[in-house]
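K.L.:
Model the full assembly from the supplied sequences, consistent with the hints where possible.
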Amino acid sequence: MDKVVASPELAVADVGAGATIAVGGFGLCGNPIALIEALLAGGVRDLEIVSNNCGVDDWGLGVLLGAGRIRRMTSSYVGENKEFGRQFFSGELELELVPQGTLAEKLRAGGSGIAAFWTQTGVGTLVAEGGLPLRYDGAGGIALASRAKEVREFTVRGVTREYVLEEAITTDFALVHAERGDRYGNLVFHRSARNFSPIAAMAGRVTIAQVEELVEPGELDPDEIHLPGVFVHRVVEVGRDVPKRIEKRRVRAAVEPSAGV
Numbered sequence: 298m299d300k301v302v303a304s305p306e307l308a309v310a311d312v313g314a315g316a317t318i319a320v321g322g323f324g325l326c327g328n329p330i331a332l333i334e335a336l337l338a339g340g341v342r343d344l345e346i347v348s349n350n351c352g353v354d355d356w357g358l359g360v361l362l363g364a365g366r367i368r369r370m371t372s373s374y375v376g377e378n379k380e381f382g383r384q385f386f387s388g389e390l391e392l393e394l395v396p397q398g399t400l401a402e403k404l405r406a407g408g409s410g411i412a413a414f415w416t417q418t419g420v421g422t423l424v425a426e427g428g429l430p431l432r433y434d435g436a437g438g439i440a441l442a443s444r445a446k447e448v449r450e451f452t453v454r455g456v457t458r459e460y461v462l463e464e465a466i467t468t469d470f471a472l473v474h475a476e477r478g479d480r481y482g483n484l485v486f487h488r489s490a491r492n493f494s495p496i497a498a499m500a501g502r503v504t505i506a507q508v509e510e511l512v513e514p515g516e517l518d519p520d521e522i523h524l525p526g527v528f529v530h531r532v533v534e535v536g537r538d539v540p541k542r543i544e545k546r547r548v549r550a551a552v553e554p555s556a557g558v
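Residue numbers (my numbering): 298 to 558.
Rather than coming from a laboratory, the hints here were simulated on the basis of the structure.
Here the structure is a predicted model, which is why all the values come from computation and not from measurement.
Positions of the beta carbon are idealized from the N, C-alpha and C atoms, including for glycine.
Treat the hints with care, since some could be wrong.
[Stated by the list, open to error] Derived DEER-like restraints, expressed as beta-carbon distance ranges: (1) Val512 x Ile543: 24 to 32 Å; (2) Glu389 x Ala445: 24 to 32 Å; (3) Asp299 x Arg454: 19 to 27 Å; (4) Arg454 x Arg546: 19 to 27 Å; (5) Asp538 x Ser387: 36 to 44 Å; (6) Asp354 x Glu510: 26 to 34 Å; (7) Ser387 x Lys446: 41 to 49 Å; (8) Ala412 x Glu450: 40 to 48 Å; (9) Met298 x Pro540: 24 to 32 Å; (10) Ser489 x Ala412: 24 to 32 Å; (11) Gly315 x Ala412: 21 to 29 Å; (12) Asp343 x Ala303: 23 to 31 Å; (13) Gly376 x Pro514: 35 to 43 Å.
[What the hints assert, rightly or not] Quick list of in silico lysine-lysine cross-link-like pairs, BS3-like style, CA-CA up to 27 Å: (14) Lys300 x Lys541; (15) Lys300 x Lys545; (16) Lys300 x Lys446.
P.N.:
The structure is reproduced here in C-alpha cells:
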C-alpha cells in the first residue's frame, strides 16, 4: 500500500522511449515540474504527451520540447510557446489539436473505462470532417492530416442534432502535481492547480504524483480528497519550495490620491 518513492528520478526511471504520458497542469499552474525535469535528465526521447498545453519555452513541458524529446502532442492550446510553433511548422513535431472540453472528457472517459462518447463540439468543422494538419512537411505542405470521425443524429430533450464520436484517451504514464498526498496515493490539489490533474491521473496506467507535503494515512479528511489513491501508483515528496511560475503577471500602478482628498 505504501506508494512513496524516494526521488523524482526513481519515480520516472521506467519511462521509456516512445511512451505516452498524460500530464496535469493548465498554463503554468499545477505543472509537475520536478517529474518533468527528471524526465529531461533521464534523456528519454520520442515521447507522446497529452496535456492541455506545452508550457512555455523555458518552463513546464517546454523544457522537454526544447530538448527535442517530444514527438507528438495532443493539446488544446499552444499559443505561449514559440518553439512549439517552430517545430510544428517545420515538420519536427506532430500535433493533434482537441477542443478543451473534449480533451477533458477523453481523459475522464479513459480513466472511467468508457471507450468513446458523442459530443456536439466540433460538428461541421475539420475536427469532425478530417483534414486538420497533424504534421507538416517543412515546406508548407501537409504531411499527415486527421481522419474524418463518425457523425450521427441523436434526439436529446426533443431536439435532434448531429454529434461526433470521440474516442477516450489512456496513456502509459501520467504525471501530476498535488499540494498534499498520503502514502496510499490519496491526493489533495490546491485551488486552480487542480485543473486537468485528476483526469490526467485517471487516464494513466501508471500514475506518478509529486506532492508538496506527504502525510500519513488517515491525516487527510476523506471529504477533502480530490483523487483517491486507487488511481495513483507512485508518490514522491518535493517540498513546499518546489519552483512555481506565474505565466503573466499584471498589476495596476499605484494611483496617487488627488490633492485635498
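K.L.:
Going through the earlier hints one by one, which of them does the structure break, listed in rising order?
P.N.:
3, 4, 7, 8, 15 and 16
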